[in-house]
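Student: In case you want the letters, here they are:
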Amino acid sequence: MTALVKLLFLAASLSPAATLLVWDGALAWPLFGDVTLLFDLAPLSAFFLLLVALGAPLAAIPMLRDDAEWPTYALYALLLVGMQVLLLAGDFIGLFVGWEIMTWSSYLLLLRSPRTTLATAQSYILLNLLSAFALLGGILVYYSLTGGFAIQAVADLGPWQGLALIGPLALAFLIKVGTVPLHLWVPCSYDEAPDTFSAVLSALLSKMGIYGLILLLTLLPGGLAGGLSGGLGGLYGHLLDGPAAGYVLGWIGVITSIVATFKAIAQEDMKRLLAYSSIAQVGYITTAIGVGSSLAIGGALFHALVHTLIKLLLFTTIAGIVLRTGLRSFKDLGRLIYRMPISFFGVLIGIIGLAGMPPLPGFASKYLIFVSLIDARWLLLLAAMILSSTAAFLYCYRLIYAPFLGHANSPQARTATEAPWQYLVPEVVLMGLLVALGLFPGLGVRLFVDPVLTALGLTPLGSPSWGELATPYGGYDGVVVMAVFGGAFVVVTSLFFLLRGRMRQAASPYDLSYAGEVPDETTPLHYGAGMGRELRRIPLVAWILGHSTQGLYAGLVRQTQAAAGLLAGLYSGRPQVWILLAVLVFAAALTVQLLAGGI
Amino acid sequence: MHYLLDIPAMIATSYVLGFLFYGFYRQYNARIQRRWGPSIFQNLYDNLKFLFKSETLSHGPMFFFGPMIIVSGAVTTVLFIPFLKDSIWLQGFSQHGNLILIIYLFVLGPLGNALAVGSSGNPFGVMGVTRGLTRLMGLEVPFFLGLALVMLQYETVSVHAIMAAQSSIGEWTLVTNPIAFLVILLPFIASMNAAPFDVVGAPQEVYAGPRVEFGGRFLGVLMTQNMMLSVGKLVLLVDLFLGGATNLFILIAKAFALFLLITSISAVFPRLKTEQAVDFFWKVPLGLGVVGVVATVWLQ
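Residue numbers (numbering that gives the first Met the number 0), protein chains in the order written: chain A, 0 to 598; chain B, 0 to 299.
The reader is advised that the hints may include incorrect statements.
Said to hold, decoys possible - A partial selection of chain A residues facing chain B, derived with a Cβ cut-off under 7 Å:
#1 Tyr-396
#2 Leu-583
#3 Phe-585
Said to hold, decoys possible - Stretch-level coverage of chain A by chain B, calculated; a stretch enters the list once three of its residues show a Cβ under 8 Å from a Cβ in chain B:
#4 351–358
#5 493–505
#6 530–544
None of these hints come from the bench; they were simulated from the model. Owing to the predicted nature of the structure, the values given are computational and were not obtained by experimental measurement. All residues carry an ideal CB built from backbone N, CA and C; glycine is no exception.
Construct the entire structure; sequences and hints are all you get.
Tutor: This is how it looks when you write it as structure tokens:
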């Protein structure tokens, strides 16, 4: 029975892939009046459906390990249905239905975790409901502008009408991608969700917000194809060589990634660190969408693909560590490299991708985004992005050092065994995909990115060969980089062995140069807990870490109360004061009108 | 066949120039401090001594692979930097790379080595790595901003194209875009691991630095990569700002001039703490960079 349920579940997890492969032609379903539900697979939605199709089964396999989890399985299947409806929808009604199914099924899945607190559940559902209501408001504005629900570019749009349309929709999607300060629900829910489900939250659900943001740009007259004269640029003018409104979105994205990166460095919990890192990475994508050029959208799509793979890999690996040790804090782990070698490689590949180091594909996507920023001449934005991108090295190093290197800090870390095969299979597949995509960024662009760009009316990036990522500013060849590095590694290692002399292994982990002392097991030798603490001595970082979003909202409350107190001061309890005020206001209004020549 | 000659030639050039430059550096510093100083070949002797040590202590496989990764990273970086202009020699694989890739390759090796440091289990080593990464976070922002000004000026990220655009002294980026050079100069000193930003690997700080656990041949390997990478960085700056070089002698002359400028600056300033250095980078060079962006990009 259990086996049958699991088999069914696995089949359900393959449903996005099946949809992607067999879907052809559009489906129209008359609903009421002249409203018709449209379902179609445009290249843009096909790209995001591909992410779901890749991620859904890989995230499902680790879930198979738990026994008698049929409610989880059912909710997960429902979540996949929701995402497919959302992506296939050719009109806003279908999109909204899919959005709601996705929100509620993921909320119920979040509640399946025993660790979920009331505050987390509340912040998750309330912010996501706010997102849904904003979406609904935007859809109504859209209906009043066009008289229909079908998703297509609005023919004629003034700046204020544009704001009325963009405002609520952007709010809805920015909540979903977790932009600061709307990210309140992200760290706690990614952290407290069931360990195997966090991967889905970070890798797939946040991408639906990205899909929405790109979709939003296509609604504007001229869409993305208009360049500076259409879309955001046409509505609100341009700044340097990019749309002025996109510049604002770009800064929103970059500030999100800077704040989230420093918060990530300060975390004590592995999953919470990954949650903040997700916010930061999706911030880069938001910035790229703000630029809106062919290079930038290409980079955004590529980064969405890479981030999906990386976060699936990292969350699954970390779930494996939590499963085997029962611990999730950096200070409790250590030296797992010998106990969980495959997991070590999983995290290693993951952080190389997160840090955007060549030759893995994280570099390719960041390269496209950097070049697009230079192309738009938005150099300050580029510098800010470099800040968060380089600061990410710190949390990446912490993510690999604290669990895997150094010294084991707990009995569980000393006796842990490698994660079960249900975790290792997706990890190995994802590592393979990441390495392949790093070797062949040109192929990735050709297969996944260029069809979308062509459909959006943008210039496709093109690639002369599988390995070469080409831009008008110059490119690089992933195969050559990997081959040169690999060749150098082989030659250097062989030469090292040819040198005379012998290697001696350290007698024990305590055989260290320790400032003249001889450490033993009582000496605190693991640096995992304290790493990053010294960053607080840098004024900017101290300022960021010293403020929290909750603090921001508390400050807003204080300011509101102070303003209300000022107003309350006017109510003195004596009627003659009110009458005096009324007379004064009346007199002032009369004077103004007189001066303006109204009477 | 061409590659078989070209690759060893590039590696040999960067190695030989590296130990000669650092030998000179020790002499120069000594003379400033009114000492005799060691011979100019002292760095070569030191390096060879380390490389031929009879015994080397290892802390496990990851510890062993770290130094291998860092040298491979240095070799890869050097091979992606074109040494000469208008020549088929000393080009390596630079046709397949670009400036942004090179900037990232610079940190590839040190990050690999950071794994080895962590694997050794010495908390002071990890402290050094954290310091290094913090400094990197500080210096990369103005450094990249300055380079972005150059990339924007020539509208390309290809080092070859940037080099080719500077055919006479009047067209050197140093002359046409001096503000970009000023922006990157101090972060560049830090990326060369020179005073006053050398708290990460300074001799007096070894016990709190990334190299604390490395001895014998490992130390030799780390020293080798440091010299090669430094030459690579100097050559890159010559390519970008001093118009490149058409033959090896011009290259040495220009790289040496740049090295002399950097050593002279670093000889007279006391060492900064990591957080002071980061704060400095985010105020002075970055502030200058913002001024540069406003002046050369916004107001045009």
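Student: If you count the residues of the segment 493–505 of chain A with a beta-carbon closer than 8 Å to a beta-carbon of chain B, do you get 3 or more?
Tutor: holds (count 9)
Student: State whether the coverage of the segment 530–544 of chain A by chain B holds or is violated, taking the criterion as 3 or more residues with Cβ-Cβ distances under 8 Å.
Tutor: holds (count 8)
Student: Have a go at the A:Leu-583 hint: is there a Cβ in chain B nearer than 7 Å to its own Cβ?
Tutor: violated, 47 Å
Student: Under 8 Å between beta-carbons, do enough residues of the segment 351–358 of chain A, three at least, approach chain B for the coverage claim to hold?
Tutor: holds (count 4)
Student: Under 7 Å is the threshold here; is the Cβ of A:Phe-585 close enough to any Cβ of chain B for the hint to stand?
Tutor: With a minimum Cβ separation of about 48 Å from chain B (threshold 7 Å), the hint on A:Phe-585 is violated.
Student: Is the interface hint for A:Tyr-396 satisfied, with its Cβ closer than 7 Å to some Cβ of chain B?
Tutor: A:Tyr-396 check passes; min Cβ-Cβ to chain B is 6 Å, inside 7 Å.
Going through the hint list in order, the structure does not satisfy hints 2 and 3.
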